[in-house]
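*Asks:* Okay, here's what each chain looks like letter by letter:
There are 2 protein chains.
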Amino acid sequence: MGRSVLKFGGSSVSDFTKIKNIAGMLQTRVENGEQLIVVVSAMGKTTDELMANVSTLTTTPKDQELALLLTTGEQQTVSYLSMVLNDIGVNAKAMTGYQAGIKTVGHHLKSRIAEIDPITFEHAFESNDVLVIAGFQGINDEFEVTTLGRGGSDTTAVALAASNQTTCEIYTDVDGVYATDPRVYRDARRLEYVSYEEMMEMSALGAGVLETRSVELANNYNIPLYLGRTLSNVKGTWIMSQAELLEKKAVTGVALDTHMMHVTISHPLPDNRLLTDLFNHLENESVNVDMISQIINLEGLQMSFTIKDTDAIQITRILESLKEKFNALDFKINEAYVKLSLIGSGMRDMSGVASKAFITLIENGITFYQTTTSEISISCVIDSENGERAVQALYETFDI
Amino acid sequence: MGRSVLKFGGSSVSDFTKIKNIAGMLQTRVENGEQLIVVVSAMGKTTDELMANVSTLTTTPKDQELALLLTTGEQQTVSYLSMVLNDIGVNAKAMTGYQAGIKTVGHHLKSRIAEIDPITFEHAFESNDVLVIAGFQGINDEFEVTTLGRGGSDTTAVALAASNQTTCEIYTDVDGVYATDPRVYRDARRLEYVSYEEMMEMSALGAGVLETRSVELANNYNIPLYLGRTLSNVKGTWIMSQAELLEKKAVTGVALDTHMMHVTISHPLPDNRLLTDLFNHLENESVNVDMISQIINLEGLQMSFTIKDTDAIQITRILESLKEKFNALDFKINEAYVKLSLIGSGMRDMSGVASKAFITLIENGITFYQTTTSEISISCVIDSENGERAVQALYETFDI
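Heads up: the sequence lines are chains A and B, in that order.
Under full-length UniProt numbering, the residue at position 224 of the first sequence is numbered 224, and the numbers go up by one with no gaps.
Under full-length UniProt numbering, the residue at position 38 of the second sequence is numbered 38, and the numbers go up by one with no gaps.
With the rest of the complex left out, here is chain A (with noise of 0.2 Å):
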């Protein structure tokens, strides 16, 4: 019998009738022959509800009780979607995330999955056709329950599709993955089918469909990644392997991050001490560090990197912690900057991609103060204000 994973986001369960439809679609899926493992998401505003609550109570919440409570909206909505599942004939049993076996390691609100035992599954399916599965949380050694972190039920639903060796739709509220943004340009294909690398650099560029983790889950296992509209008849797009991928384009998709914060640092002395302690602070704060650009030289020492915006606060505790023991240090954060990138795995085969683009920006008067090129893409940082003009002329440029 054919097994699939399916996820439904926050959106897609945000009131009572859209869970009674999605029970529907389930329902005609396992009438079909399919045993299916679906993982939810906490229904509509509710984590922002509780978040909510916690501010009336506490500015800096303790990590450990704040994944116990934000973990009690998917247990909610997998009860819910149980209950209708079971109400309307389909054998269905609801599982949080400990429930479902999904061990975590790391900081309780950004934990990793660490393992998840496949007997948990094979014993529910003896006696049931669904399994809904909270998403987004799991517990670690300590029994403590923890969280995924951002894009966390994506990640849930492409672990447990690997862990069940089978394929993963993901239902959401787009109808699929763009070359780029139909927001900043209108004319935006979709694509039918995307190759898993391709998707890494349109995620991690800040295309915001997927999280860059599950795509890379969904690549370690080979695991084929459907993404598409809840409840639509649109076709999505498949995200898998380039190997099984006919068509190949230099670019496939221009990607624009306006979720980033340019940092740049200089000191007189290259100071190892001053970059050992950097690093430091930003892994003990969960910082990731995207773009990175180092020179030494007569003058010193200048870096420039880019981070997420959501670690405005870290990232200034941090500077400001190094500025008192390094009194030299000088440091600057821009908000108002943004990243472009062009993705394609077509660009390893051809040559000249990154020289066209550059002449694209610099024709269009587009100041770049930052590039970082991989094997399938080329990213700049650029003002802001550019992001939507540069993405227009790339789109020309490449035929995308």
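Treat the hints with care, since some could be wrong.
One copy or any two copies: either way a pair holds, since identical chains are not told apart in the list.
[What the hints assert, rightly or not] Below, computed lysine-lysine pairings styled on DSBU-like, alpha-carbon distance capped at 30 Å:
hint : residue 1 : residue 2
1    : Lys332    : Lys308
2    : Lys308    : Lys323
3    : Lys20     : Lys45
4    : Lys18     : Lys356
These aren't lab readings, by the way, just hints derived from the structure by calculation.
With chain A held as given, fit chain B onto it using these hints.
*Replies:* Only chain B this time, still in chain A's reference frame:
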């Protein structure tokens, strides 16, 4: 270091101000050198709200899913209270029922605690002074979340006190145990001490402050139980072993149970299969029979018993199904009766209490339809309109 268990009911934690005030009180006790296990219920109307959501989805929710849903209420309260405690500098840890190692057996929604692993607590107290435990819940052998049914949070608290060999304080919205319901008799006396046995009779007989099973559990493990008003200076009531109480009165309290139904069945033949079927059904539907009287004579079988009014749907279903099999069966369900009870450990040593009580009722023109007696109590089923008058008359007769 002294260790205590404290339990706060839903009305005591119905808003965040109350939660903060409770945290302050706990802090004072920790500063006085105590280790605390704090059991809390869901905040105020949370359970009702969740049930209202369920009713929009299905009229027959699966027990397992309902238990999983309802337990999110307590999970949220423990998270909030523990956050506040940590915020004011008290080392606290929030734990759900399964994290506290509360293993249960039986129906998902009416489970009983089978076992509590004390190791969990010793480990958690190594780095915490307060453990905040979700009441009303546990986990069964199938690793499914369960609830303990009516008054379940009290049971959690007493069971934790037993496993930690300490006292248990139950905080609620009453000042303590009264000799009778102050709403029925204004001059009702508040008891400073009451024995387990008396309290059990009072609970079972409708005094409604504590469920019998909690008191029974406290009795079994000889756990002194305190009942008082949350954050009040009024001295509540200690419930403890009779041996430790000096005062002995014939009658300690009068209880009036209005949440009951009186059932009478009659059948022209004393058919044992009828009774076997009846009790099997009652057990299957988890309907508890309280007072029970049976007469078999030339007119056949006649039986009366009382049950809780919350079992109305079940009893109707049971009797109608019996009627299909035993055509000659006749039954009557009466909700217009109440159960009046006199309780007192002193009854054991003093004769004539029953006669004196019956005479009081007769002199006041109060008919009683059924009576039962135990070693320390006398109960009568009377018309509900006579309830208050009967309480007052007995209060005066016995100088309670």
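*Asks:* Would you mind marking each hint as holding or not holding in the structure?
*Replies:* Here's how the hints hold up against the structure:
Taking the closest pair of Cα atoms, lysine 332 and lysine 308 come within 30 Å of each other only inside a single copy of the chain (15 Å); across copies the shortest separation is 71 Å, beyond that limit. In the homo-oligomer, the alpha carbons of lysine 308 and lysine 323 lie at most 30 Å apart inside one protomer (21 Å), although the nearest pairing across protomers, at 71 Å, exceeds that limit. Both within a single protomer and between protomers do lysine 20 and lysine 45 lie at most 30 Å apart by alpha-carbon distance, with minima of 18 Å and 25 Å respectively. For the homomeric pair lysine 18 and lysine 356, neither the shortest alpha-carbon distance inside one copy (47 Å) nor that between copies (65 Å) is at most 30 Å.
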